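Trainee: Using the hints, build the complex out of the two chains.
Protein chains in written order, with UniProt numbering: chain Y, 1 to 273; chain U, 1 to 780.
Honestly, I wouldn't trust all of these hints.
Pair ranges (Cβ atoms, derived) [what the hints assert, rightly or not]:
no. : chain 1 : residue 1 : chain 2 : residue 2 : range
1   : U       : Asp483    : Y       : Cys22     : 50 to 60 Å
2   : U       : Ser420    : Y       : Thr116    : 50 to 60 Å
3   : Y       : Thr108    : U       : Pro707    : 45 to 55 Å
4   : Y       : Gly254    : U       : Leu479    : 22 to 32 Å
5   : Y       : Asp131    : U       : Asp483    : 36 to 46 Å
6   : Y       : Asn64     : U       : Phe358    : 54 to 64 Å
7   : Y       : Val119    : U       : Gln579    : 36 to 46 Å
8   : U       : Gly741    : Y       : Pro154    : 55 to 65 Å
9   : U       : Tyr644    : Y       : Gly254    : 19 to 29 Å
10  : U       : Phe489    : Y       : Cys22     : 54 to 64 Å
11  : U       : Ala643    : Y       : Thr108    : 32 to 42 Å
When the alpha-carbon atoms are kept at most 27 Å apart in a straight line, the in silico DSSO-like pairs for lysine-lysine are as follows [to be verified]:
no. : chain 1 : residue 1 : chain 2 : residue 2
12  : Y       : Lys173    : Y       : Lys24
13  : U       : Lys635    : Y       : Lys29
14  : U       : Lys429    : Y       : Lys181
15  : U       : Lys616    : U       : Lys564
16  : U       : Lys264    : U       : Lys136
17  : Y       : Lys249    : U       : Lys635
18  : U       : Lys366    : Y       : Lys186
19  : U       : Lys125    : U       : Lys386
20  : U       : Lys720    : U       : Lys136
21  : U       : Lys546    : U       : Lys360
22  : U       : Lys769    : Y       : Lys29
23  : U       : Lys616    : U       : Lys565
24  : U       : Lys360    : U       : Lys386
25  : U       : Lys101    : U       : Lys262
26  : Y       : Lys186    : U       : Lys429
27  : U       : Lys700    : Y       : Lys29
28  : U       : Lys546    : U       : Lys491
29  : Y       : Lys24     : U       : Lys769
30  : U       : Lys495    : U       : Lys635
31  : U       : Lys264    : U       : Lys208
32  : Y       : Lys24     : U       : Lys700
33  : Y       : Lys181    : U       : Lys379
34  : U       : Lys366    : Y       : Lys143
35  : U       : Lys125    : U       : Lys565
36  : Y       : Lys173    : Y       : Lys206
37  : U       : Lys379    : U       : Lys488
38  : Y       : Lys249    : U       : Lys700
39  : U       : Lys208    : U       : Lys616
40  : U       : Lys366    : U       : Lys281
Derived from the structure by calculation, the hints contain no laboratory data. In this text, all values refer to a predicted model and were calculated from it rather than measured experimentally. Where a beta carbon is used, it is the ideal one built from N, C-alpha and C, also for glycine.
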Amino acid sequence: MPRLNKQLLLAAAALLLAGTGCEKTIDLKLNTSDSQLVIEGNLADDGQPCQVSLNRSANYAETNNFPAVTGATVTLSDDTGARETLREASPGQYRGATLRGVPGRAYTLRVETGGTAYVAVSTLPVVVPFDGLRTQPGTFDTKSIQAVVEYTDPVGEGNSYLFRQYRNGRLNKTYFIQNDKFTDGKRVSQSLRNMGGGGTADDLDKLASGDSLRVEMQNIDPNVYEYFRTLNQILQNNPAFSTTPANPKSNFSGGALGYFSAHSRRVRRLFIP
Amino acid sequence: MPLRFSLLGLCLLLLLASGPAWAQSRITLSGTVKDASSGENLSGATIRIVELSGVGTGANAYGFFTLTVPSGTYTVEVSFVGFATQKRSVTTTASQRLDFKLVPGGSELTEVLVTARSTDAGISKAQMGVETIDLKQIAKVPVLFGEKDVIKTLTLLPGIKSAGEGSSGFTVRGGAVDQNLILLDEATVYNASHLLGFFSTFNSDAIKDLTVYKGGMPAQYGGRLSSVVDIKMKDGNNQQLHGSGGIGLIASRLALEGPIVKDKGSFLVTARRTYADIFLKLSSNPTTRQSSLYFYDLNAKANYVLNERNRVFFSGYLGRDALGFSNTFGQTYGNQTGTLRWNHLFTDRIFSNTSLIFSKYDYQIKISSNDRNFSIDSKIQDWNLKQDFEFYPSSAQTLRFGGQAIYHTITPGHVTADASSGINATADKTNYSLETAAYVSHDWQAAPRLNFTTGLRLSGFSLLGPGTYSSYDAAGNVLAATDYACNKFLKTYVKLEPRFAASLQLNEASSVKASYARNVQNLHLLSNANASSPTDLYIPTSFNVKPEVADQVSAGYYRTLGPKKEYSMTVETYYKALQNQLDYRDGTQLQGNFDVEASLLYGTGRAYGIEFLVRKDVGRLTGWLGYTLSRSERKFTEINQGAYFPSRQDRTHDLSVVAIYQFNPKWSFSGTFVTSTGNAVTFPVGKYQIGNQLVSYFGKRNADRMPFYQRLDLGATYEKPHQEGHRFHSSWTFSVYNALGRENAYSIRFEADPNDPSRTRAVQTALFKFIPSATYNFSF
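In isolation and in its complexed conformation, chain U is listed as follows (with noise of 0.2 Å):
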């Protein structure tokens, strides 16, 4: 603790040494660019000085930006994919305020549909392994039921791939679902899932932007080894009251956004709620009369502008899936989150944004049938503190740094019941922790075509009492059971994550990047089930799980390509070390096991690849071009006799194709096109009997492959013409999923050949198949 505490005191000095000295003989432009239609900040947006060959910088997650010149009248350009370049002149003698407002449209409005980036910003950046997805990018792609869904989305790109199909669940370059930080405007979202991971918990109405890094992370980001899928709600509109919604074929969608004090402050409020419970009520059966089956979710954001140097947000999330059988079975569970927010400039040149997050997934279980009436509750909590200073010494440097303590309380499902149940209560066993991070991010612009982002995270993790932890034996038997004390640390664990970047700049059009970064994960998920279970497990690092680390080192190729660099090429290579993984002997049961790391076996592993990717962005046909080509494996001593095997989420081929065509103003078609290598699973080597049943026989795990994968969606949308002077908008969006009604596999079960006793045969299951859906779209 003490080390963290002086590595951002020598932060501080460094801040202190160093601001005053460039102050005197520079000066500062700072502001904030924002969307003149709506007020959001457009975070991403470019600033340049025009007559300053280099000079330049991107505004912040907040819009903010600044900018160090010597004094003298320039032209200051600021520009952001899909809307119009301003530019404005300015004598500077002083430091200086300058707010930008931004048309959306401009010049490019007939051709700009795809506004999903700009497309030079990922050839100058150091920064690589990211990828940024708009939602008005995904607005047009087909998806199951229509719900259209920015995770289901992510997996179309290379190196992201979905954990099954119709699953919220992904994995990043060979990760474990569990290993992607799912940050949703910075709270973390433990279960990403609606009802079985059909449906991912994010109202693509609520979200702005989704920002992942598949590697490279910078050092502000911690706590997951494989990605950070960082979700940005909208701030809400501080112009004028605006209202959207859609009626879709399985939810409806309504939201509502406006100014509390026009340009001051807005605010923002989405709801959803599936309705295949209302069908419920139709049925003859009374059971399924009586039962529900929904989820809601609602998101609401609101923030405020002090004055010029402060500025509060608050943002909250409440999502809850429920599923109840008559009167003997029900079952809710979900996410809440909130976020307050704290942004304040100290100089024009030191931003600070403070947070104080709360996170919380959980779920309950209620049974009352004859004499068993029970409920099993669970949860997993967070209070969050979180300090971020940047620091923009010059305007080829930008210093970031802070810290984050994380208070975690996870309480295992426990059974509840009284006295007169047939069933017993069982011991709650909550445990607590305490995660804690600080990190330093220094971005130079070595020279004009040579960039660096160095960091350092140093990342500490404490279990704390009070709490019962055993030792094992190697075969997991209890050795010592220990009960510690409230608030003792029981067991701290300190991990240094150096993270590097580069990229040189070759020309115009082209750049070359390198990285290498250290991820630690203290938090792990344990589950044993192909879809996302609600009562999956989080786990604690303790005296025997060990952090999880990874490094991954990677380099790409980046370029632009076309008259009007309308295509974007990029191909990255990594590879990828991982200790500490996780994984359970043979038979293990998760749910209702009180000592689940008895189960537990330790192990390693390693992933690499290589991802291609070509998009366009602009122009009337848009989209992207994916493809992959990866290995990811895992050893352990007691697995297949501790030889390298392929995890479940290796996937040697990954193609995916997203085409958006616009038609004319009024239609547009789309189409996704995805095919991949099967996962690797385990089929039976023989066959044997036991009480004259037949019993598959196991050899080697994952040594199989299930069928490769494939699927075709198509889309349509209509957008009515809209009528001068009504501010009614209204669109019709048409899909198919799995057009060529191809029937990919889901499982596989091995049975006994019904036609012929004396055989066995293999039955896959497929799921989706021809998934025609509409969805009414308005706003006003």
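Same shape as in the complex, but just chain Y (with noise of 0.2 Å):
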């Protein structure tokens, strides 16, 4: 809610400012840093083994071009005592092969490289079942479609999600995430509009009749949820309302970039009519 309150609220100043404001691309000289390690893990409940990709960071003014970590120590282990090194299935990329996400389990993702240890640890939550799927028409563009999502939240707060949408097969990169501060122990629908940002969702994201829709939800942990919250808070990019930008607050001990989640994965689809 207080983030719809800014949107509408910028809403309004763009009004007032209609056709006063104007961009331009400009140079800046950027300070530059050491190249940080950045750590991406995801275990699901899918049956899926877990992932893990390591990478570094690279100077702003640089090409993207982000160096694979290889040759790390990337160790899984949950807390019935279960472990296993995950295989550097190409450069960067690790995969584990026997343990699997199991609601409940915490589990520690341990990552040593260059005689650094970084460690994570999440904790699968309670599945949440994914009741509905429906589409809506937007409530500001009433010409536009949103996803409408709805599942009842158990009580107790602390129940985190995150949504992944994907039309026709594409994915669009917004982390549309939502906890139960305010909802707890109620049935939600919450319409998957871009409030607390994640990239910015171009033409090709828009919903259209006709489209396949499917969307993912995960049920997430709250150090997850805290991740995504603060990255979206530098994705977003909001002028008005920008805070001083700081970088997410990872899950990982030791300084390194990224979160570890495990979470469940729940999946719908159908065809906007």
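Mentor: Below, the structure is given as structure tokens:
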């Protein structure tokens, strides 16, 4: 809701300034930084093994070339004592083989590279069923179409959700996140509006009649929710409301960028009439 | 608490002990100074005895003055810039009442265009770091959308900087936006902006003048670290009924003032409303047609002279912004203030003012979509009882003392929803606190050219029950939460705030001054947005949040120049040390955050600089040139490894030039030029990918700069020649905002380059370029 509020205020400001604002690309001399380790680790309850990608950051002025981190030791363990070492399937891409995601279990991912260890713990939450998927006209632009997800939040705060939306098989880059701060124990029907940001949804993401729509619902743990919430803060780039930008809150110790998420994965599809 | 009352008692004792002793040997001349045409008080008018060198005084905020002289025959001279000087011969055998009515213009009529202030006054008084803006002065300064605005004009003075393009927020001497105490007829205005800050809440039709204290605040003011902006509403014309108004691009105004009983009482009512929403109705889009976007404000004031010793005032303000999209979303917010005042003369040398002040800022958001109907409410409300005494023991001394108690009620935004809604209601976390203060301040002309102002303010702040308050560990995790009962003093902070100022007049035309002031602040605004947001959150000092403290030392050199003293020059330098400053942990979300204290960081700060100001207040060409060289830094253990870093409002260079030229009686032209270093910001120092999306990597806080800012505004005013015998006056004001069309960066974003996916680029957004406006003004 608070985010909605900001969007509306911004819309009002836009209305007020209609035709007066202007944009241009500028040259800026930016500071540089040491290359940082970026870890992206996912383990879902869909029977697939754990996947981890290791890369390094680049200076801002350079081309988008993010070197893969090879030869790292990546281990996954759970709270029952099971453990495996992930093998490097391709440079920087590490895959597990035996451990599977089970709701309720806590998983520890340990990445060792260059003599430093980075550790993250993520608990695969109890699964909340994905009850329904439908579409409705947009609230402000009534000609647009929004996906609406439906589920019943279990009583007790802390349930967190991440939705990914695919239009005709193409992933919308927006991280649609929700938690139950205001909806604890409620039946929720939430439209996947670009509130909370996450990239710039371009025209190719706009839903239209005849499209095939697929939505993936993940139950994520609260720390992963915090990661995506703070990631969205720097992705949304809302000029009037930009906070002092900061790096997202990673659940890795040791100063690595990125996250490790053990989550559920439920998918629904529909054809937009 | 007892300590505070005993201080007040001490003052009273002092008063009783010293009063009668003086009265025996001297005679008191007292009275008021008013504008003959409107009956408005002329506060700051100079009263002097021609025969007695160095014996003189200034009229107080209510136009009242008192002078103590030996018996004899004297010429009393009363002057105020923009008014004809009046002389009156009096033979004093006993104390007597002298009321003056000054006629505007006088001999200087054609010369006085900007009647800003007495040019000499700044030289002799000990007070420094003070600037006054007269409303007549700003009328011709070009502004955005042609809406003249005291707050925006204020930011053209050295040491005072606009928080951003088109913003009503401002920072003073490196302080934060919330460290300014904005008073409208003594009532605190918590959110001084309309429409995201593009307009301030102050309708210039209702305002008489504005005084800003950047440093060395007199002891009667307190509660904020950086500045006091004291805005006074007009009393209303007590001679005859007058009206005025204006039709502008964005808003229209109407004001009416007149006598309740001639010479005894008057009223003033002003109203203003924007009409951008009228154009929404013309839209082809049904959603846009049903949307609302407007603000209005109403000011009202009335005063009545009961007798020579008693006068009462009422002033009120009501402003509201509304924003709505069809039936699904509605937001309103605004301030309400009310002030009841009673001026009383105990004797002809003891002036008293008692005020009961109400102040409130609130917002409401209503959302209804699908099965989610709910509303969010928030408010901050004050009841303030204030007592001020002014005692004039001799013509060389003024003693001010008094006290106040403010009861604050703060309700952070909370959700109300019925059981059928898809949203849960949230707990109402209203908190209560009591802010108290007692002060004494002594102005003393120790020698003809040496002045001292010595003051002491004792301020207290108590967090009151009921409420639930938590303690936290270093990482912000709750250690324990405690419930407290009603009517309990939960935590009290008592602080002593010494104030001192001295001036030494070197000769007729120049003086040097020095001052020291400590200020304490107990209400803290949490905002992490660039633009002022109506949902910004105020929090009180609590168990965890300590009172903010600022110690400021400053020194200055003041000089009038030119054969007619038409120029005045000021150089002031300052150093400010700040304690218990607030910031947030990275990634904090303030809105809808019920445990905001968990996200706070506590640190220190320092700000220093030098300010130059040259003004020309008389002649065909008037205006000023201000330049500031300054630095403002903060230090938090958790940010930038505990090193000092520039605060967002840090701007190394800041230059503003304001010029108004009266070409002939019909036409006048004006221009404003502003240029400054860009704000300190945080740009990416690297980039990486998450889920095939580019993400910026950030290094040190505020290590970068926005591009430098530069703007030229131009204005022209045409006054229709006045027809003999007609009361109706009219004028046109034309202006162009950002006439050079420079694209000043409002924000910069970093994104993938659409033309070359292997690279990233920086894109700046500029807001206003060549914004023309025209306003028609009239009065009768």
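Trainee: Compare the structure with each hint and give your call.
Mentor: Now the hints, each set against the structure:
The hint said 50 to 60 Å for the Cβ distance between Asp483 (chain U) and Cys22 (chain Y), and at roughly 54 Å that hint holds. Judged by the Cβ atoms, the range 50 to 60 Å given for Ser420 (chain U) and Thr116 (chain Y) holds: they are separated by roughly 54 Å. At roughly 47 Å, the beta-carbon separation of Thr108 (chain Y) and Pro707 (chain U) lies within the given 45 to 55 Å, and the hint holds. Hint check: Gly254 (chain Y) to Leu479 (chain U), Cβ distance near 26 Å, so the stated range 22 to 32 Å holds.
Look at Asp131 (chain Y) against Asp483 (chain U): about 38 Å separates their beta carbons, and that is inside 36 to 46 Å. Remark: the range hint 54 to 64 Å for Asn64 (chain Y) to Phe358 (chain U) is upheld by a beta-carbon distance near 58 Å. Against the hinted window of 36 to 46 Å, the Cβ-Cβ separation of Val119 (chain Y) and Gln579 (chain U) comes to about 38 Å, which satisfies the hint. A beta carbon spacing of about 58 Å between Gly741 (chain U) and Pro154 (chain Y) agrees with the range 55 to 65 Å that was offered as a hint.
Between Tyr644 (chain U) and Gly254 (chain Y), the C-beta spacing of about 28 Å keeps the proposed range 19 to 29 Å intact. Checked against the given bound of 54 to 64 Å, the beta carbons of Phe489 (chain U) and Cys22 (chain Y), roughly 55 Å apart, stay inside it. Checking the proposed 32 to 42 Å range against Ala643 (chain U) and Thr108 (chain Y) shows it holds: the Cβ atoms sit about 34 Å from each other. Distance check on the hinted pair: Lys173 (chain Y) and Lys24 (chain Y) sit about 24 Å apart at the alpha-carbon level, within 27 Å; holds.
Distance hint between Lys635 (chain U) and Lys29 (chain Y) is fulfilled; the C-alpha atoms sit about 26 Å from each other, no more than 27 Å. Straight-line distance between C-alpha atoms of Lys429 (chain U) and Lys181 (chain Y) comes to about 16 Å, which keeps the hinted pair within the 27 Å bound. Our distance criterion of 27 Å between C-alpha atoms is met by Lys616 (chain U) and Lys564 (chain U), whose separation comes to about 11 Å. The straight-line distance between the Cα atoms of Lys264 (chain U) and Lys136 (chain U) is roughly 25 Å, inside the 27 Å bound, and the hint therefore holds.
Between the alpha carbons of Lys249 (chain Y) and Lys635 (chain U) the distance comes to roughly 22 Å, so the proposed pair stays at or under 27 Å and holds. This hinted pair checks out: Lys366 (chain U) and Lys186 (chain Y) have alpha carbons roughly 20 Å apart, not beyond 27 Å. Using a Cα cut-off of 27 Å, the hinted pair Lys125 (chain U) and Lys386 (chain U) holds, with the two alpha carbons roughly 26 Å apart. The suggested pairing of Lys720 (chain U) with Lys136 (chain U) holds, with an alpha-carbon distance near 17 Å, which does not exceed 27 Å.
With a C-alpha separation of about 24 Å, the suggested pairing of Lys546 (chain U) with Lys360 (chain U) holds against the 27 Å cut-off. Taking the CA atoms of Lys769 (chain U) and Lys29 (chain Y), the gap is about 25 Å. The hint holds against a cut of 27 Å. Between Lys616 (chain U) and Lys565 (chain U) the CA atoms are separated by roughly 9 Å; this keeps the pair inside 27 Å, and the hint holds. Between the alpha carbons of Lys360 (chain U) and Lys386 (chain U) the distance comes to roughly 17 Å, so the proposed pair stays at or under 27 Å and holds.
Proposed proximity of Lys101 (chain U) and Lys262 (chain U) is supported: the alpha carbons are some 14 Å apart, at most 27 Å. Pair hint Lys186 (chain Y) plus Lys429 (chain U) holds up; C-alpha atoms about 22 Å apart against a cutoff of 27 Å. Only pairs whose Cα atoms come within 27 Å are accepted, and Lys700 (chain U) paired with Lys29 (chain Y) is accepted, the gap being roughly 15 Å. Distance restraint check for Lys546 (chain U) and Lys491 (chain U): the Cα-Cα separation of roughly 11 Å lies within the 27 Å cut-off, and the hinted pair is therefore satisfied.
Between Lys24 (chain Y) and Lys769 (chain U) the alpha-carbon distance is near 13 Å, which keeps this suggested pair within the 27 Å criterion. Straight-line distance between C-alpha atoms of Lys495 (chain U) and Lys635 (chain U) comes to about 23 Å, which keeps the hinted pair within the 27 Å bound. A distance of roughly 19 Å separates the Cα atoms of Lys264 (chain U) and Lys208 (chain U); the hinted pair therefore holds under the 27 Å criterion. Distance hint between Lys24 (chain Y) and Lys700 (chain U) is fulfilled; the C-alpha atoms sit about 26 Å from each other, no more than 27 Å.
Proposed proximity of Lys181 (chain Y) and Lys379 (chain U) is supported: the alpha carbons are some 22 Å apart, at most 27 Å. For the hint linking Lys366 (chain U) to Lys143 (chain Y), the alpha-carbon distance of about 24 Å falls within 27 Å, and the restraint holds. Of the supplied pair hints, the one linking Lys125 (chain U) and Lys565 (chain U) holds, its CA atoms being roughly 17 Å apart against a limit of 27 Å. Proposed proximity of Lys173 (chain Y) and Lys206 (chain Y) is supported: the alpha carbons are some 12 Å apart, at most 27 Å.
As the CA atoms of Lys379 (chain U) and Lys488 (chain U) are separated by approximately 22 Å, the hinted pair is consistent with the 27 Å bound. Taken as a hint, the Lys249 (chain Y) and Lys700 (chain U) pair is honoured in the structure, with Cα atoms around 16 Å apart against an allowance of 27 Å. With a C-alpha separation of about 21 Å, the suggested pair Lys208 (chain U) and Lys616 (chain U) falls inside the 27 Å cut-off, and the hint holds. Distance check on the hinted pair: Lys366 (chain U) and Lys281 (chain U) sit about 21 Å apart at the alpha-carbon level, within 27 Å; holds.
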